[in-house]
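J.: Whole structure, please, built from the sequences with the hints as guidance.
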Amino acid sequence: MGLLSLAIWVPIAFGAVLLAFGRDEHATAVRWIALIGSILSFIVTIPLFTRFQNGSAAMQFVEKEGWIDRFHVNYHLGIDGISMWLVLLTSFITVVVVISAWEVITERVNQYMGAFLILSGFMIGVFSALDGLLFYVFFEATLIPMYLIIGIWGGPNKIYAAFKFFLYTLLGSLLMLVALIFLYNKSGGSFDILTWHQLPLTGSVQTFLFFAFFAAFAVKVPTWPVHTWLPDVHVEAPTGGSAVLAAIMLKLGAYGFLRFSMPIAPDASHEWAWLMITLSLIAVIYVGLVALVQQDMKKLVAYSSVAHMGFVTLGFFIFSELGVSGGIVQMIAHGFVSGAMFLGIGVLYDRVHSRQIADYGGVVNTMPKFAAFALLFAMANCGLPGTAGFVGEWMVILGAVKYNFWIGFGAATALIFGAAYTLWMYKRVYLGPVGNHHVKELKDINAREFVMLSLLAIAVLWMGLYPKPFTDAMNASVDGLLKHVAVSKIPR
Amino acid sequence: MIDKLSWITIYPEVVLLVMACIIALVDLSGEPGARRTRTYVLTLATLAVVAVLTGLNAADGKTIYGFGGMVVSDPMGNWLKCFATIALMVTLIYGRPYAADRDMLRGGEMFTISMFALLGIFVMMSGSNFLVIYLGLELLTLSSYALVALRRDNAVASEAAMKYFVLGAMASGFLLYGLSMMYGATGSLDINEVFKAISTHKVNHQVLVFGLVFIVAGLGFKVGAAPFHMWVPDVYQGAPTAVTLLIGAAPELAAFAIIIRLLVEGLLPLAIDWQQMLALLAIASLLVGNLAAIAQTNLKRMLAYSTISQMGFMLLGLVAGVVNGNTYNAQFAYSASMFYIVTYVLTTLASFGIILLLAREGFESEEIVDLAGLNQRSPLYAGVMAVAMFSLAGLPPLVGFYAKLAVLQALIASGQAIYIGLAVFAVIMSLVGAFYYLRIVKVMYFDKPVTASTVSASIDVRFVLTLNGALILILGIVPGGLMTLCAKAIIATLTS
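Those sequence lines, one after another, are chains Z and X.
Each step along the first sequence adds one to the number in this note's numbering, with nothing skipped, and position 70 is 70.
To convert, count from 1 in the second sequence and add 1000; that's this note's numbering.
Misleading hints may appear alongside valid ones.
[What the hints assert, rightly or not] Here are the simulated lysine to aspartate or glutamate pairs, EDC-like style, with alpha carbons at most 20 Å apart: (1) Z:K427 to Z:D444; (2) Z:K369 to Z:E441; (3) Z:K164 to X:D1447; (4) X:K1448 to Z:E107; (5) X:K1488 to Z:D69; (6) Z:K443 to Z:D350; (7) X:K1448 to Z:D24.
In case anyone wonders, no lab produced these hints; they're calculated from the structure.
Remember, it's a predicted structure, so these values are computed and weren't measured experimentally.
T.: Here is the structure:
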């Protein structure tokens, strides 16, 4: 069994074992097994980074076995510099999420932990699949655990949110399925993604494919105007669900643009880049303004996620080295930062059971340690230099300015809104005098929460201060992608 | 004419017939009111033997004609027979506790009649002659009418039986009328002869198409495709649940078999005509089934509408076989439909198995709300039901996804814009379908249970139901084997 297979199946195996547990009397054992499973799955992914050959655009750690002979589908895995970090991010966030749920989830613990571990395996599968159908299977399979996570452990309006999440994203992926089958027939019976990259396709076919993929990936990212499911879902989802959703699931969409839309339909991607750039700019500026007026902390961070993901798609569709690598760096950074933001809100919610900004005030007085972490993550969210949030946004804006000054200018102004809503929220929640008796009775974070937030803080700072390993690993792949996209695939 | 080869083609049927008669006699000498353990065990043992026999025949891969070409034993028929037998075994295992609680086992006729129904299914599957197929169909449907009316004192069941009988008789009439027109036009009842006669183009096309309309309408009734679906919800809801499963699982395989026998083996030269008709049936079924299912509160009724929509999807596979007179796509299209129907039956068994399990004495458990909080009462059974629902919705990594994938692939591989449009339509309809399947999962996992009692089941039910659920998942992870099996069976049928 190869490393990638281990990375996928170790968490799924642990998750399946957890599901076999009965009632909640074994909750402690369940938690420990989940923690061991998630740590083990993280350890399994570390060699993917240490043994990764920088400077090669080829797929690495490739595994290929026949799977469904009838359709020439292979169990084909491999990662390049783009997906490697996303695999590591996934296994890392899973550890943090398991820690975050430790005492918080008391009902049906085994199902909660099991769902997260299985979800983690599926998402790693998405990032490492090199076979179109395998990709689709993993991509879709993630819906099942997430639907259950939102529906069982979510807030008061959870059922509406669970359905909205499921049906919205399912519609997108079903249209993608039609595109995948179309490509299968077009390529003479192959589901191999890398083969698809080489297919000559006429302009109209490329446009059809581009929009079929757009349906799937734009909803997942989510791009404005198909982003409306995200705030609803975030508000209702349990803390861990929100963290995984923002930190990883949104990246499935962005990753899809890089792996499918751009290389398979490069001409259509160029042709429709104006649309993607416009939508991204609207996400960055307009949704940023929407975030400013939110009363609910989770909703605020949810809208800020939409805005930050706007930077990602903006970076991709300006087709420059800076833009694309900036977008990818932003994906990873957003994974750490949004995960941290949601987990931070979870820490407050566990104590006060409210997410309304107005219910807080002066938290720094009673929870100084926590407020320090929150400040770091808030700063990362506004893109302060030295934190993870800065690197990606800066690269994207730099790329955008080179592409077109006004686009870069528009994106850069959005940074101001980002700083405004984040800092304003920080001020209203943490600073000033103690707001009410709830805040007065708050206890500072315990050792478990300290560990959880520290892990994320280290990641945020490491990426902010020394982003070189991240960009080094992805350079060759980004180069390869851009060279590939620059060549027209319309047959002459 | 009756030579050694002829007997080889039908010996599983002979075993079934003889044993059905013997078991009927044995059943007479039991003490009344028991759970019919002896009859039950004997029936299952017979079915197991028959399943093995047909399975061996199928694995053999040979096509043999017997009785002067009246019957055929080919891999497709034999595999479908094997699956139908297994489906009946599973049905009886799930249905026995339910039937016993409702005093339906005073006599052992549930077992013997269902064996005769299976015999009818077998005859349909191996018929290579219009008359033989019709005989099999009548044996199956007459047995089914009796089974639906098994609870004589129950008004709802009697009403369902009546509806089933009247509409079923009309469908049989349609089919018979269509077949007789084919006979009149071609001068033969033999499927291969009819094929030859039509492909020589010496037959009046108008007469053929006129007969074809009646045949397709009759088949549409039998598979429950819209607009001939009206009996499905009423019968599914009205029949005792054990019988609902009996008429909703194994006979679907037979319906598929006769569609292949009649339309493909017999009337392939008319494919252009019947493909259009089937396409319309499929579109109507997808629309009616999916939209009506959303509004249902009764679980059995919802599953009935879901069946209609699933049959619509299955029919789509049959639509794409012949493109511009070219049959290169046929093996993909028909094997996709076969895979679809087999996996559909597997999933239906699991979902009705759960309903039967939850039905207690005097409590039917057929409303959707009756599933509330099942996850808290029994995570295992909730899991099985959830797997079945997600599979029917067509979500990977469950087997229902590959069924839909294969059909969509057959449609898109035709390269025709109109078929690609059909594929997109089917995809959008399956999104609508996902809504009501998800609602079942929602009720089981997100709602509070009405009662806290745990669900208990005897060891045989527990084992088979778990296996059933696991199989939906396992075949979803490694669907290749079953797909290849269906493909080989269809290729053998097409080339013989």
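J.: Hint by hint, note whether the structure agrees.
T.: Do the hints match the structure? See the list:
no. : hint              : verdict
1   : Z:K427 to Z:D444  : holds, 18 Å
2   : Z:K369 to Z:E441  : holds, 15 Å
3   : Z:K164 to X:D1447 : holds, 17 Å
4   : X:K1448 to Z:E107 : holds, 13 Å
5   : X:K1488 to Z:D69  : holds, 13 Å
6   : Z:K443 to Z:D350  : holds, 11 Å
7   : X:K1448 to Z:D24  : holds, 17 Å
Of the numbered hints stated above, none is contradicted by the structure.
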